[in-house]
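A.B. asks: Quick note, the sequences are listed as chains A and B, same order.
Counting along the first sequence from 1, when you hit position 197 you're at 321 in this note's numbering, and nothing is skipped either side.
Counting along the second sequence from 1, when you hit position 129 you're at 253 in this note's numbering, and nothing is skipped either side.
One or more of the hints may lead you astray.
No copy is singled out in the list; a pair is fine if it fits within one copy or between any two copies.
Lysine to aspartate or glutamate pairs mimicking EDC-like chemistry, simulated, CA-CA at most 20 Å apart [said to hold, decoys possible]:
hint	residue 1	residue 2
1	Lys179	Asp138
2	Lys163	Asp175
3	Lys179	Glu167
4	Lys149	Glu276
5	Lys251	Glu263
6	Lys162	Glu178
7	Lys199	Glu276
8	Lys163	Asp192
9	Lys162	Asp247
10	Lys162	Glu141
Keep in mind that the hints were calculated from the coordinates and are not lab data.
Number of protein chains: 2
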Amino acid sequence: MAGYNVASLARLIDQFERMPGIGHKSAQRLAFYVLNMKKAEAEMFAQTILDAHEKIKKCSCCCNLAEDELCPICKSTNRDKSVVCVVEDPRDVLAFERTHEFEGTYHVLHGVISPMNGVGPEDITVKELLSRIAQGEIEEVIMATNPTVEGEATAMYISRLLKPMGITVSRLAYGVPVGAELEYADEVTLTRALEGRRTL
Amino acid sequence: MAGYNVASLARLIDQFERMPGIGHKSAQRLAFYVLNMKKAEAEMFAQTILDAHEKIKKCSCCCNLAEDELCPICKSTNRDKSVVCVVEDPRDVLAFERTHEFEGTYHVLHGVISPMNGVGPEDITVKELLSRIAQGEIEEVIMATNPTVEGEATAMYISRLLKPMGITVSRLAYGVPVGAELEYADEVTLTRALEGRRTL
Chain A
125 MAGYNVASLA RLIDQFERMP GIGHKSAQRL AFYVLNMKKA EAEMFAQTIL
175 DAHEKIKKCS CCCNLAEDEL CPICKSTNRD KSVVCVVEDP RDVLAFERTH
225 EFEGTYHVLH GVISPMNGVG PEDITVKELL SRIAQGEIEE VIMATNPTVE
275 GEATAMYISR LLKPMGITVS RLAYGVPVGA ELEYADEVTL TRALEGRRTL
Chain B
125 MAGYNVASLA RLIDQFERMP GIGHKSAQRL AFYVLNMKKA EAEMFAQTIL
175 DAHEKIKKCS CCCNLAEDEL CPICKSTNRD KSVVCVVEDP RDVLAFERTH
225 EFEGTYHVLH GVISPMNGVG PEDITVKELL SRIAQGEIEE VIMATNPTVE
275 GEATAMYISR LLKPMGITVS RLAYGVPVGA ELEYADEVTL TRALEGRRTL
């Protein structure tokens with residue numbers, strides 16, 4: 125931070141630098157951008173940050189982000205409440221919504237089980253999922269955690285809890301991504317794609 | 125913004141997306157980062173933004189950013205007040221300060237003359253520079269605007285104003301950047317490097 129004699133600027137740069145994917149140069153650029161905002165704009169930006177914190181909470185049903193008690197998907201009467209797609213993160217919900225193909229509901233775990241990082245089942249919303257299922261409406265749970273070691277382990281853990289409850293538990297298909305070149309596919313993905321081959 | 129049913133989140137993402145070098149994916153990542161901050165941290169972040177706007181003003185002498193009437197460089201008794209390095213932007217001051225070689229003072233233009241963008245001499249701090257010079261202490265002005273068409277034009281414009289005032293006006297040397305490979309140097313830079321060659 126050499127050279128920043130202006131303490132409040134240094135603090136602003138520092139704030140940006142803590143953000144993911146933002147290095148010192150970018151943080152500097154962002155801080156100067158904020159500094160060059162009109163006063164009203166800067167106040168609006170600050171207020172937006174506070175608002176987001178103030179207003180956004182978890183949907184009491186699916187744990188996705190929501191401003192109301194229920195998120196719009198849980199509130200909707202057009203969604204199939206018997207199918208639940210379990211994802212790690214609110215962003216994953218957006219990814220599925222973009223397909224316009226899934227008509228069920230979601231459950232957002234807000235993380236994955238990761239003993240290395242000290243995250244256990246009690247730190248993610250497994251309890252909330254179980255109590256949703258206990259209400260009896262859910263028939264199928266699609267485990268859509270990331271295809272990583274931790275996402276995998278979390279999917280396995282949850283599926284073991286759910287099977288005794290008489291729920292169909294499925295997992296997203298593995299395979300080569302559409303549009304990708306096989307040449308660049310890794311061995312594990314290719315093996316999974318072979319294993320999961322379908323008769324045409 | 126399809127899929128963002130959470131209005132305050134959408135607004136936050138939107139705010140980040142307006143920033144330079146931040147695309148939609150990054151804006152999303154930053155917004156979620158802010159959302160995952162502790163409440164106190166978010167409040168601090170918002171306050172830092174407001175503080176920067178509140179506290180940072182222009183040094184009454186060199187127009188660099190300062191929290192006080194004078195910036196630390198103008199305040200310092202160790203700096204040579206007879207030499208002024210004219211730069212476009214506060215970040216350029218930092219760049220020069222990092223060299224630890226320049227002992228003069230600066231003058232920050234806060235822009236360059238750019239008729240294309242509707243920026244005239246009156247929109248940058250030329251007037252302030254002239255009134256500093258009128259005080260009689262300044263002997264040399266180093267034009268250190270960027271080596272771009274606009275930086276160049278601004279340097280020329282200001283030097284024409286200053287020369288009649290009996291001031292030595294110099295310009296940063298052009299040449300190949302240290303550590304670069306000649307193979308990749310552009311023709312103009314190489315031509316300038318040849319023109320500016322020195323006897324060893």
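A.B. asks: Now tell me if each hint is right for this structure.
C.D. replies: Hints, one by one, checked against the model:
Taking the shortest Cα distances, Lys179 and Asp138 sit within 20 Å of each other only across copies (16 Å), while inside one copy they are farther apart (26 Å). For the identical chains of this complex, Lys163 and Asp175 are neighbours both inside a copy (18 Å) and across copies (11 Å), given an alpha-carbon limit of 20 Å. Within a single copy, Lys179 and Glu167 get their C-alpha atoms as close as 18 Å, and across copies as close as 14 Å, so both meet the 20 Å cut-off. Taking the closest pair of Cα atoms, Lys149 and Glu276 never come within 20 Å of each other, the shortest separation being 37 Å inside a single copy and 25 Å across copies.
Proximity of Lys251 and Glu263 under a CA criterion of 20 Å is satisfied intra-copy only: 17 Å inside one chain copy versus 75 Å between copies. With identical chains, the CA atoms of Lys162 and Glu178 are at most 20 Å apart between copies only, with a shortest distance of 11 Å across copies and 24 Å within one. Taking the shortest alpha-carbon separations for Lys199 and Glu276, neither the intra-copy value of 30 Å nor the inter-copy value of 61 Å comes in at or below 20 Å. For the homomeric pair Lys163 and Asp192, the shortest alpha-carbon distance between copies (19 Å) is at most 20 Å, but the shortest distance inside one copy (31 Å) is not.
With identical chains, the CA atoms of Lys162 and Asp247 are at most 20 Å apart between copies only, with a shortest distance of 16 Å across copies and 41 Å within one. Taking the closest pair of Cα atoms, Lys162 and Glu141 come within 20 Å of each other only across two copies (17 Å); inside a single copy the shortest separation is 22 Å, beyond that limit.
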